[in-house]
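Trainee: If you're matching them up, the sequences are chains L and P in order. Under UniProt numbering, the first residue of the first sequence carries the number 1, and numbering increases by one thereafter. Under UniProt numbering, the first residue of the second sequence carries the number 1, and numbering increases by one thereafter.
Be a bit skeptical, because a hint or two may be false.
As the list claims (entries may be wrong) - Where chain P lies over chain L, by a calculated footprint (3+ residues, C-beta under 8 Å):
{"no.": "1", "region": "97-105"}
{"no.": "2", "region": "192-205"}
{"no.": "3", "region": "209-216"}
{"no.": "4", "region": "234-242"}
Since the hints were made in silico from the structure, they are not lab data. Where a beta carbon is used, it is the ideal one built from N, C-alpha and C, also for glycine.
2 protein chains.
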Amino acid sequence: MRDLMTIAEAAKAAKSAVAKLDTNAKNAGLHAIADTLLAHTDEILSANRLDIEAGRENALNEGLIDRLTLTADRIAGIAEGCRQVAALPDPIGEVLWQRTRPNGLRIGLRRVPMGVIGIIYEARPNVTVDAAALCFKAGSACILRGGKEAFHSSKCLSDLMRQALADCGLPQDAINLVEDTTRESANQMMKLNGYLDVLIPRGGAGLIRAVVQNATVPVIETGTGNCHVYVDASADLDMAARILVNAKCQRISVCNAAESLLVHRDVAEAFLPMAQKALAPDHVILHGCPRTMEILGDSIVPATEDDYGREYLAYEISVKVVDSIDEAIAHINRYNTGHSECIVTESYAASQQFTDEVDAAAVYVNASTRFTDGFEFGFGAEIGISTQKLHARGPMGLEALTSQKYVIFGNGQVR
Amino acid sequence: MRDLMTIAEAAKAAKSAVAKLDTNAKNAGLHAIADTLLAHTDEILSANRLDIEAGRENALNEGLIDRLTLTADRIAGIAEGCRQVAALPDPIGEVLWQRTRPNGLRIGLRRVPMGVIGIIYEARPNVTVDAAALCFKAGSACILRGGKEAFHSSKCLSDLMRQALADCGLPQDAINLVEDTTRESANQMMKLNGYLDVLIPRGGAGLIRAVVQNATVPVIETGTGNCHVYVDASADLDMAARILVNAKCQRISVCNAAESLLVHRDVAEAFLPMAQKALAPDHVILHGCPRTMEILGDSIVPATEDDYGREYLAYEISVKVVDSIDEAIAHINRYNTGHSECIVTESYAASQQFTDEVDAAAVYVNASTRFTDGFEFGFGAEIGISTQKLHARGPMGLEALTSQKYVIFGNGQVR
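Chain L on its own, in the form it takes in the complex:
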């Protein structure tokens, strides 16, 4: 077992070789990984069974077991994901701009690899491959630390990926899995200054909080989502109902599912019964403010202050009647997590005000919050969804995994 410092040294030593690979070499590596994973499906499934058996012994809940479980189909999907990353344009080397200064210096801004990227994630074996593939295509070495419940699966996948790279003559230390899954190794990883250029936590609120609190390396905070749908006074109410149902129910477990409904008082009497009816087939529990309770009565439950800040990730939603768009925006900016927010409106002024003033990574007019996703935005695969304001905001594709440098061409200029 390589300890964390051995891995950190290996990744740091590999980063310049990875950064120098041209697009063809990187794509060949990604296809080799896909081929190798497919060819070793049985081996991966055997390793995965060890994790599942241990999970059942430790009484993991069925949701976690499901996320942990690989099948031949899922492995094929993971391999196909590598090929999709290979098909994405290479972000490295793009010159974002170049200008000639009055003194003749040509100053250009070039997209370059990040260096070494750390990812801390939960017990999802697919992330081991997805994250490695994205980092590799972005020209960076990676250090992956997955949840211990998926250790055997991740170890097998990581070994196969490293072997696939080595077989192509590519640097296998581009991909590194932390094999020590103790809390100490996670804490040590968060303080790998001088080795890690960025650390990205991917998982639930607790994991992200731990990384933000403890890391001394630069972090990109990815997202929990307390997302709102605001139905404006001028909304097309049928559209609002369709968007609400989609945002709440299309997939309840994701960070861009709606968790709260705000309704302008002028349309509350008309819309709230429509909303209740539209959400009924999915048995959504409504947590309503007093005015919502007046309209919908005892068929719903009263909202507490806590409800407005909750990410249910379940068939539940908080509901509040507001007096104005100003109140809606203030409420959202108070309770949201900076993820995805939606207004349904036919008013030009309301659409302008909402998109200007709501503070979030993605602000929607007349569309479901469920579109905040790398593929839907046209970026291809994503490493996560940033809810911070630095570096990257919203879905993070390959470009978010890169850095920049200024390259300056002169002919002897001095100051």
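Fit chain P to the supplied structure of chain L, relying on the hints for placement.
Mentor: Same frame as chain L, now just chain P:
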């Protein structure tokens, strides 16, 4: 005295009002600040005298006293700086791109204010105004914490700036000075999650290290600079000497001054005596590797391992003969701080390899490292020079103080 949490709440409450200001309002505020500072020059000088007297009592060295000292001319320069920031283009609202997706969604990426920006800096009263002006133009509220030795000056400047904004009907809580200058308040500021969107330390290595180690809010690390000039085998040696002298001596106290000279062995015998002669008028002390010593003899001092990592900020430079450009690049990537690096060469291949492989914010071919500076790059005033890879790298002008958000216009799209 407002305590830190009072200030944090005030800044957070002000940020949406600041974000909404149009360019004309922001520029009017900046000119009002300039006018107010000029009109109160005597008051500022009186406050400054308190700091200087205290500094002398506490035996501050003359360099620090000089940085602390304001004069009528310096105040006029600070006011002029505000007007220059007013003259810069407003970065806010720019749509970086907008694309229509196959489903008709129009997804655009818009530049938006950061929110609340924290700056921790040393005893330089001018930074109080420079930083406030840049943050204000970038549409963000700021929380400033300067060195305690400049407290009276900074307090006076901050009060005047706040008054100037209030007199124009602009939110005075856009600008906030931390009046508690204890170490505890600095540590507390580094952990203002939920209030500070970014914290930028501006000052020496110790300050920056303390912020990187202790902050739980997102940080942009600004730079110490161990910058190299590499004279390639193919270099125009006269040009190399001019660049070396400029990079080392034009201003020794700045982060983009050269601290190390690397010379290809093929030109070492020819160039090293030229370099020594060129640096002689400034009495630069050369710390040479054994091969440099062989050529220049006892007229210079031997370099220790420590010398290669030192940011002298003085008339001193380390000198090393290398066997190849590969060795030069490896040496630079080992010892540099990711700031500014220069190759002097007439070789196409060498220029490509150096700019591709050197890992730094600014990589120069045939030009002095002294150009890494917001004004020289055409950005106008800068808040600092980032040496990290996340968010901003190199000189940070107004754009580096902004964030982005996706704004999505639909007509009822659901997934």
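Trainee: Give a verdict on every hint.
Mentor: Status of the hints after comparison with the structure:
1. With a threshold of 8 Å between beta carbons, the proposed coverage of the region 97-105 of chain L by chain P holds, since 3 of its residues qualify and at least three are required.
2. For a cut-off of 8 Å, the count of residues in the region 192-205 of chain L with a CB near a CB of chain P stands at 3, and the three-residue condition holds.
3. Only residues whose C-beta sits within less than 8 Å of a C-beta in chain P count toward coverage, and the region 209-216 of chain L has 3 of them, enough to reach three; the restraint holds.
4. Here's how the region 234-242 of chain L fares: 3 of its residues keep a CB closer than 8 Å to some CB of chain P, so the rule of at least three is met and the hint holds.
Hint violations for this structure: none, all hints satisfied.
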